[in-house]
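Peer 1: What follows is the residue order along each chain.
Number of protein chains: 2
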Amino acid sequence: MDSIGFQQHDHSHCIAEAIAAAEERCKAEKLQFTPARRRVLEILLEQHRAMGAYEILEILAAEGLGSQPPVVYRALDFLVGHGFVHRIERMNAYTACTHPGEDHVPAFLICRLCKAVAEAETVLDGGRLGKAAHETGFVIEKIVVEAEGLCPACAETAA
Amino acid sequence: MDSIGFQQHDHSHCIAEAIAAAEERCKAEKLQFTPARRRVLEILLEQHRAMGAYEILEILAAEGLGSQPPVVYRALDFLVGHGFVHRIERMNAYTACTHPGEDHVPAFLICRLCKAVAEAETVLDGGRLGKAAHETGFVIEKIVVEAEGLCPACAETAA
DNA sequence: ACATCACATGTTATGATATAACGTTCGAGG
DNA sequence: CCTCGAACGTTATATCATAACATGTGATGT
Ligand SMILES: [Zn+2]
Ligand SMILES: [Zn+2]
Ligand SMILES: [Zn+2]
Ligand SMILES: [Zn+2]
Numbered sequence: 001m002d003s004i005g006f007q008q009h010d011h012s013h014c015i016a017e018a019i020a021a022a023e024e025r026c027k028a029e030k031l032q033f034t035p036a037r038r039r040v041l042e043i044l045l046e047q048h049r050a051m052g053a054y055e056i057l058e059i060l061a062a063e064g065l066g067s068q069p070p071v072v073y074r075a076l077d078f079l080v081g082h083g084f085v086h087r088i089e090r091m092n093a094y095t096a097c098t099h100p101g102e103d104h105v106p107a108f109l110i111c112r113l114c115k116a117v118a119e120a121e122t123v124l125d126g127g128r129l130g131k132a133a134h135e136t137g138f139v140i141e142k143i144v145v146e147a148e149g150l151c152p153a154c155a156e157t158a159a
Numbered sequence: 160m161d162s163i164g165f166q167q168h169d170h171s172h173c174i175a176e177a178i179a180a181a182e183e184r185c186k187a188e189k190l191q192f193t194p195a196r197r198r199v200l201e202i203l204l205e206q207h208r209a210m211g212a213y214e215i216l217e218i219l220a221a222e223g224l225g226s227q228p229p230v231v232y233r234a235l236d237f238l239v240g241h242g243f244v245h246r247i248e249r250m251n252a253y254t255a256c257t258h259p260g261e262d263h264v265p266a267f268l269i270c271r272l273c274k275a276v277a278e279a280e281t282v283l284d285g286g287r288l289g290k291a292a293h294e295t296g297f298v299i300e301k302i303v304v305e306a307e308g309l310c311p312a313c314a315e316t317a318a
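Order-wise, the sequence lines are chains A and B. To convert, note that position 111 of the first sequence is 111 in the working numbering; the numbers rise steadily by one, no gaps. In short: position in the second sequence from 1, add 159, done, that's the working numbering.
In silico SDA-like links for lysine to any residue, alpha-carbon gap of 20 Å or less:
#  : chain 1 : residue 1 : chain 2 : residue 2
1  : B       : K189      : B       : R233
2  : B       : K301      : A       : M91
3  : B       : K301      : A       : L113
4  : A       : K142      : B       : N251
5  : A       : K115      : B       : E300
6  : B       : K301      : B       : A252
7  : B       : K301      : A       : E148
8  : A       : K115      : B       : G289
9  : A       : K115      : B       : H293
10 : A       : K142      : B       : E315
11 : A       : K27       : A       : P100
12 : A       : K142      : B       : R271
13 : A       : K142      : B       : A314
14 : B       : K290      : A       : G149
15 : A       : K142      : B       : L272
16 : B       : K189      : B       : H241
17 : A       : K142      : B       : E280
Restraint-style ranges between C-beta atoms, simulated for each label pair:
#  : chain 1 : residue 1 : chain 2 : residue 2 : range
18 : A       : A153      : B       : T193      : 37 to 43 Å
19 : A       : H13       : B       : H263      : 39 to 45 Å
20 : A       : A16       : B       : E217      : 48 to 54 Å
None of these hints come from the bench; they were simulated from the model. Yeah, the Cβ is synthetic: ideal placement off N, Cα and C, and Gly gets one too.
Hey, can you work out the whole structure from these sequences and the hints?
Peer 2: Here is the structure:
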């Protein structure tokens with residue numbers, strides 16, 4: 001079941017493309033795209049869904065890339081820190097960014113039944129939130145938006 | 160340090176008012192506003208900040224209201240489920256809703272330095288997120304917005 | 001070549017958050 | 001009364017994340 005976007009699609013090229021882009025960007029910014037980091041990003045791209053850290057770790061362990069939690073958390077810290085991966089707070093899970101490199105406010109649509117996640121595009125909210133923040137003197141540095149509901153498939157089943 | 164709203168204020172009346180309102184609503188909706196549930200809400204109102212479940216539990220335990228995690232998690236489930244309290248995903252923490260009863264999309268401003276939290280008002284996003292969801296057939300049931308940044312006090316200190 | 005330094009990794013242990021499961025209590029409604 | 005469901009008490013365990021410290025490794029300057 002492919003989840004992101006809630007649509008079936010062949011994404012073998014997404015993976016190759018995204019990895020190549022990440023590699024290039026790391027080169028440009030002198031970041032070390034080490035085997036563990038690369039493999040974690042690959043796994044998230046392959047699975048194309050939100051995954052828990054320990055779920056990723058199992059795969060790494062099976063491949064001999066490390067079996068202790070810090071291995072995967074370090075890789076995730078790097079990937080999240082540089083915008084290759086997003087953390088989904090509601091789920092304590094991680095998912096590959098669907099448009100890395102672009103400066104964006106990630107917004108997620110999370111199905112409460114099948115746990116599928118889609119990353120939607122949003123604009124930086126110039127509305128009430130920004131206004132409220134400005135009025136109180138709060139400086140917003142980062143916004144996350146997470147919506148819960150039913151994906152098309154589950155909505156149909158439930159109906 | 161009072162955090163919500165990032166302003167000092169006397170809120171003894173907020174507490175009494177909020178508790179009375181909760182009591183009334185529970186009566187109207189035949190919900191059981193039990194001692195543990197009431198006390199947890201009171202604690203969150205008194206402290207007027209985001210608190211971890213175990214932090215709340217310590218207070219309950221000191222007062223003889225229970226010492227095991229399920230005690231506080233059950234109370235929080237009830238309070239969150241009925242909108243008296245919000246869970247802040249980024250922090251694994253809980254805070255009393257500042258305008259319970261009203262149907263609203265909570266949005267939080269979270270200071271990354273002092274961890275103060277303000278609940279801002281937002282409107283249900285009729286913008287791109289809603290549009291993107293509608294296009295894919297996703298049914299949004301609930302949205303949370305969490306912004307990280309610097310509160311007025313910390314912004315000043317940092318500057 | 002060698003020292004040095006920054007960064008990444010290996011490993012052990014522990015901390016922090018949350019829930020499963022099961023038996024008991026207690027009050028509302030028949 | 002009796003029954004039922006909701007809340008509660010208790011034990012144990014699951015799940016998520018980080019601290020701390022030792023080790024390796026490659027770039028840089030001398
Ligand atoms: Zn993204
Ligand atoms: Zn679904
Ligand atoms: Zn609220
Ligand atoms: Zn602050």
